[in-house]
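One-letter residues, chain by chain:
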Amino acid sequence: MQVTTAILTLLLTTAPFQEDAYRERRNAMVKQQIEKEGVRSPTVLAAMRSVQRHLFIPESMRSYAYSDRPVPIGYGQTISQPYIVAYMTQVIDPQPDFRVLEIGTGSGYQAAILAGMVKAVYTIEIVRPLGQSATERLQQLGYNNVSVKIDDGYHGWKEHAPFDAIVVTAATAYIPPPLLDQLRENGKMIIPVGSPFQTQWLMLVTKKDGKATTKRLLPVSFVPFTRK
Amino acid sequence: MRVLWSIGLLSAAIIAFQLALMQQLSIVQWYHFAYMVISVALLGFGSAGTVLSIFRKKLLTHLSSCLYWLMMGAGVSMALVTSIAQAPAIRFDSYLLFTDMRQAGLLLLSYLLFFIPFFLGALAIGLLFVAYADRIGKIYFANLAGSGIGGILALAGVSRLSPQQLTTVMAILPVLAAWLILPRRVIWVPAAIVIIGMKWMYPSPLVLSQYKDLSKTLLLPGSKITMEKNSPYGLIQTLTSPALRYAPGLSLTATNTATVQQAAFVNGDWFGVVLKPDTSFILNYTTFALPYVIAQRKEVLILRAGTGVDIQQARSKGAEHITAVEPNAAMLALLKNEWGDSISTHALEPRTFLSTGNEEYDLITLPIVGSFGGSAGLYALQEQFLLTREAFLEMWIKLHYTGAISVSAWMDYPLRNPLKLLATITDMLYAAGVADPREHIAAIRSWGTITFTVTRSPLATKEIARVRQFCTDMQFDPAILPGLQPAERAQYNQLEDTLFFHYIDRILSPDRNSFYDEYDFNIRPATDNQPYFSQFIKLSRLPRLANFFGKRSLPFFELGYLLVVATFVQISLLSFILIILPLFRKGWKSAALPGILVYFSGIGIGYMFVEIVLIQRCILYLGTPVYAAAAVITSLLTFSGIGSYVSSYFTRAQKRLQLVIGGIVGLLLCYAVVLSPVLQNTMHLPLPFKAFILLLLIAPLAFLMGIPFPAGLSYVATTEAAAVPWAWGVNGCLSVISTGLASIIAVELGFSWVMILAASAYGLVILPLLFASGQSSSRSGQTAVRRNVYRGHK
Numbered sequence: 001m002q003v004t005t006a007i008l009t010l011l012l013t014t015a016p017f018q019e020d021a022y023r024e025r026r027n028a029m030v031k032q033q034i035e036k037e038g039v040r041s042p043t044v045l046a047a048m049r050s051v052q053r054h055l056f057i058p059e060s061m062r063s064y065a066y067s068d069r070p071v072p073i074g075y076g077q078t079i080s081q082p083y084i085v086a087y088m089t090q091v092i093d094p095q096p097d098f099r100v101l102e103i104g105t106g107s108g109y110q111a112a113i114l115a116g117m118v119k120a121v122y123t124i125e126i127v128r129p130l131g132q133s134a135t136e137r138l139q140q141l142g143y144n145n146v147s148v149k150i151d152d153g154y155h156g157w158k159e160h161a162p163f164d165a166i167v168v169t170a171a172t173a174y175i176p177p178p179l180l181d182q183l184r185e186n187g188k189m190i191i192p193v194g195s196p197f198q199t200q201w202l203m204l205v206t207k208k209d210g211k212a213t214t215k216r217l218l219p220v221s222f223v224p225f226t227r228k
Numbered sequence: 001m002r003v004l005w006s007i008g009l010l011s012a013a014i015i016a017f018q019l020a021l022m023q024q025l026s027i028v029q030w031y032h033f034a035y036m037v038i039s040v041a042l043l044g045f046g047s048a049g050t051v052l053s054i055f056r057k058k059l060l061t062h063l064s065s066c067l068y069w070l071m072m073g074a075g076v077s078m079a080l081v082t083s084i085a086q087a088p089a090i091r092f093d094s095y096l097l098f099t100d101m102r103q104a105g106l107l108l109l110s111y112l113l114f115f116i117p118f119f120l121g122a123l124a125i126g127l128l129f130v131a132y133a134d135r136i137g138k139i140y141f142a143n144l145a146g147s148g149i150g151g152i153l154a155l156a157g158v159s160r161l162s163p164q165q166l167t168t169v170m171a172i173l174p175v176l177a178a179w180l181i182l183p184r185r186v187i188w189v190p191a192a193i194v195i196i197g198m199k200w201m202y203p204s205p206l207v208l209s210q211y212k213d214l215s216k217t218l219l220l221p222g223s224k225i226t227m228e229k230n231s232p233y234g235l236i237q238t239l240t241s242p243a244l245r246y247a248p249g250l251s252l253t254a255t256n257t258a259t260v261q262q263a264a265f266v267n268g269d270w271f272g273v274v275l276k277p278d279t280s281f282i283l284n285y286t287t288f289a290l291p292y293v294i295a296q297r298k299e300v301l302i303l304r305a306g307t308g309v310d311i312q313q314a315r316s317k318g319a320e321h322i323t324a325v326e327p328n329a330a331m332l333a334l335l336k337n338e339w340g341d342s343i344s345t346h347a348l349e350p351r352t353f354l355s356t357g358n359e360e361y362d363l364i365t366l367p368i369v370g371s372f373g374g375s376a377g378l379y380a381l382q383e384q385f386l387l388t389r390e391a392f393l394e395m396w397i398k399l400h401y402t403g404a405i406s407v408s409a410w411m412d413y414p415l416r417n418p419l420k421l422l423a424t425i426t427d428m429l430y431a432a433g434v435a436d437p438r439e440h441i442a443a444i445r446s447w448g449t450i451t452f453t454v455t456r457s458p459l460a461t462k463e464i465a466r467v468r469q470f471c472t473d474m475q476f477d478p479a480i481l482p483g484l485q486p487a488e489r490a491q492y493n494q495l496e497d498t499l500f501f502h503y504i505d506r507i508l509s510p511d512r513n514s515f516y517d518e519y520d521f522n523i524r525p526a527t528d529n530q531p532y533f534s535q536f537i538k539l540s541r542l543p544r545l546a547n548f549f550g551k552r553s554l555p556f557f558e559l560g561y562l563l564v565v566a567t568f569v570q571i572s573l574l575s576f577i578l579i580i581l582p583l584f585r586k587g588w589k590s591a592a593l594p595g596i597l598v599y600f601s602g603i604g605i606g607y608m609f610v611e612i613v614l615i616q617r618c619i620l621y622l623g624t625p626v627y628a629a630a631a632v633i634t635s636l637l638t639f640s641g642i643g644s645y646v647s648s649y650f651t652r653a654q655k656r657l658q659l660v661i662g663g664i665v666g667l668l669l670c671y672a673v674v675l676s677p678v679l680q681n682t683m684h685l686p687l688p689f690k691a692f693i694l695l696l697l698i699a700p701l702a703f704l705m706g707i708p709f710p711a712g713l714s715y716v717a718t719t720e721a722a723a724v725p726w727a728w729g730v731n732g733c734l735s736v737i738s739t740g741l742a743s744i745i746a747v748e749l750g751f752s753w754v755m756i757l758a759a760s761a762y763g764l765v766i767l768p769l770l771f772a773s774g775q776s777s778s779r780s781g782q783t784a785v786r787r788n789v790y791r792g793h794k
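Listed in order, the protein sequences are those of chains A and B.
1 is the number of the first residue of the first sequence in this note's numbering; add one for each residue after it.
1 is the number of the first residue of the second sequence in this note's numbering; add one for each residue after it.
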């Protein structure tokens with residue numbers, strides 16, 4: 001009994017210290033990996049500082065939570081490296097009245113980053129176990145303006161369309177026409193094109209006068225290109 | 001006689017196990033782990049040589065017993081290690097090596113597991129070489145013949161059996177070999193057979209990396225595997241899922257995508273799709289439709305038809321006669337099933353098909369170049385004879401006056417595939433006598449793909465107008481078109497910078513060669529002599545690229561080539577340790593050692609260089625890598641075996657051996673010049689004739705090349721018996737190093753140079769022979785003097 005009490009006491013007293021340590025690492029991550037590489041939006045930087053990235057990563061990989069790299073989350077999926085999340089968020093320039101659609105919930109981290117900056121986030125995950133755990137995690141952490149649907153993201157989420165911005169977090173060989181259709185006029189879609197083990201690039205799709213145009217933004221890969 | 005059968009069976013099992021292991025790792029991980037298997041085999045043979053050098057006397061004292069247990073161990077471990085390596089606690093995932101340090105430990109563990117059968121088998125072979133050095137010719141013959149048969153068995157086996165089944169079947173051979181060594185100790189044979197039998201009955205399932213294309217596709221809702229088939233090209237699987245769609249680089253004006261009926265995978269990697277016929281119209285919303293926009297195409301030739309997407313597009317565009325060429329027979333069966341007799345199909349390598357017949361076509365199409373998203377780094381060392389200057393010339397000759405060649409590429413980053421493709425096309429047009437290539441090329445770009453259509457006659461004004469209109473309708477951007485204005489090139493799809501257009505203009509200009517030199521990647525046109533289209537790396541520019549993109553990004557450009565270079569360096573270091581270590585241990589100071597080193601290194605390097613060049617040359621000649629490997633390995637090993645069988649005749653006279661080496665050097669230099677023209681001019685002949693020609697070319701060379709190793713080993717056995725295992729080890733290590741080295745030289749300089757260097761390696765072998773011959777004549781001179789002195793005294 002005494003031992004149990006001692007362990008509980010230890011856990012209770014060390015937990016705040018652990019959280020402090022994570023906060024420190026998060027601040028260092030924002031300063032060294034994000035701000036330094038050119039992401040300047042104060043709202044994006046604030047979101048990156050506040051969302052506890054380590055809670056979106058499996059226990060066994062948690063030590064890599066704030067490292068400058070993507071981290072495996074199972075089912076052949078990864079949580080993008082911090083800089084890419086921040087960069088993609090900055091590109092769509094989220095506003096408080098925005099409704100944003102995310103394709104590829106994964107761990108739910110990108111949705112959590114967006115949640116503090118916009119009115120509503122709608123996110124779709126095709127891999128059921130990932131979608132279920134992301135739903136639970138986001139609920140537990142209190143992200144109440146995030147709705148998760150387990151479905152084929154190709155079709156978008158027609159009931160909540162049009163969207164001010166669409167963030168696609170899974171690489172694809174085509175831009176799904178239904179998503180373009182659900183993008184509001186002057187809206188922005190950011191989408192990575194490519195596949196793992198290959199060079200990928202982030203592409204911005206904008207819609208003006210009903211016509212879409214594309215612009216390649218940033219070459220990325222499983223390991224980022226730090227272009228000097 | 002029993003010993004000969006025994007070594008033959010064991011050698012066959014080792015080669016077959018190696019091929020089956022490569023196949024297993026290609027399925028569960030990626031094909032570049034073939035290099036790991038080669039290095040594990042080397043480690044096994046090298047370590048066996050070292051152990052043999054150190055414990056030679058002890059092992060020879062208990063020869064039969066040692067051989068028996070080594071062979072038993074090799075057999076049982078062959079059956080078990082492939083299953084143990086699949087256990088959850090041991091299985092590694094190469095993709096996670098980048099993020100999880102534990103994976104490095106698991107990789108090492110797998111490495112050590114695979115090492116066991118190679119080490120045990122190699123130690124048994126080495127022990128036989130040492131014990132029967134006086135009959136080395138026959139022993140070596142059995143070793144070569146067994147290896148050759150093992151290779152053929154494995155090639156035949158992979159078409160019908162899974163790698164797990166194949167390793168199980170092959171595991172029986174070393175057990176039989178052990179029984180032949182000690183027939184009276186039969187008791188353990190059934191026990192070993194039972195263990196191997198259990199593996200056959202309860203095979204462990206192959207667990208693919210979660211990052212393989214198939215693993216990810218299986219996560220899609222409603223996905224299920226509809227067909228599984230082992231083939232010489234690997235494990236072929238087809239899958240269905242309602243969530244699978246296909247529309248590479250689809251126009252942003254499209255309102256739908258094509259629904260996939262079936263997706264095909266080879267060794268768990270994405271191969272292609274069969275589209276639902278009613279949705280294949282969507283292909284007309286991709287840049288691939290360009291040749292059909294320019295003109296109507298009735299006679300269409302589709303090279304490497306794969307799963308038939310190009311056939312569907314040609315049919316939807318009204319093509320009347322479609323000829324599909326696909327070397328993979330299993331895929332072709334899929335096509336036949338889909339299309340029946342409405343198309344003409346040929347199970348041939350496209351180059352073999354192009355070299356025969358006089359038909360002409362309105363359109364010849366090739367599959368999309370560069371894997372999805374860019375880098376084809378993993379395939380950097382794969383010969384791509386369809387993308388060489390000579391291949392495009394053959395296609396050009398087969399076009400009607402109004403015909404066209406069409407090929408697409410993914411827009412990669414950094415730019416490589418589209419630039420090299422354009423460079424190859426431009427080179428071909430100049431070689432075909434076209435004065436201004438710009439008049440013959442139309443290229444259009446979507447957000448992800450670029451399609452080049454090369455027309456036999458200059459593009460007409462109305463054709464140019466149709467291309468412009470198509471671009472406007474689809475929101476594509478023209479990249480090359482006669483009369484194109486700079487402002488037209490990036491209206492809808494902007495690039496990160498406009499250098500791409502500058503590059504393509506330079507490739508089309510007369511100073512293109514200086515641009516190839518300046519560019520950081522190798523984008524010179526691929527040729528039949530250097531058919532490595534996807535090899536873009538310039539080793540001299542690596543530091544510059546590392547500085548520009550970051551060191552960690554380099555593997556993502558050219559993983560395949562860097563892996564070979566890294567493996568070569570690693571194996572070379574390992575070999576150095578394995579060769580030098582016994583020297584220190586034994587404290588040898590013999591003057592013969594440098595000679596032994598040069599002799600056995602030279603024949604090791606020379607033999608492997610010749611084997612690799614012949615296989616690579618024959619891929620184009622015979623049509624498939626499987627035929628090429630089977631034909632070359634069988635004929636080379638068989639005739640070398642005959643050579644080794646008669647080698648004792650040459651052991652007795654140094655002069656004869658010098659003549660043999662001279663003959664090899666002469667033949668190789670001759671082949672460096674005449675091999676290509678002979679093969680080129682007979683490529684159109686039927687397969688049996690080509691096989692016969694090949695036999696005539698290989699037989700005399702292989703016969704001579706089979707002599708130096710046993711003759712040399714026999715000589716060492718009589719002059720420096722303790723050095724026999726070391727000489728064997730040197731030869732083995734250098735042979736394996738040469739596999740990587742030959743690939744690197746072929747990439748950097750071309751096949752002809754590999755052949756010339758093989759001749760040089762054999763040429764070097766003459767030096768120690770001359771030295772030994774001088775020593776032996778000096779020794780016999782001294783003996784004669786002593787004899788005369790004795791006689792004088794007498």
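Careful, some of the hints might be misleading.
If you want the footprint, here are the derived chain A segments under chain B, 3+ residues with CB under 8 Å [what the hints assert, rightly or not]:
1. 44-57
2. 73-79
3. 170-177
Hints listed in this document are in silico derivations from the structure and should not be mistaken for laboratory results.
From the three backbone atoms N, C-alpha and C, an ideal C-beta is built for every residue, glycine too.
Do the hints match the structure? See the list:
no. : hint    : verdict
1   : 44-57   : violated (count 0)
2   : 73-79   : holds (count 3)
3   : 170-177 : holds (count 6)
In terms of the numbered hints stated before, the structure departs from hint 1 and from no other.
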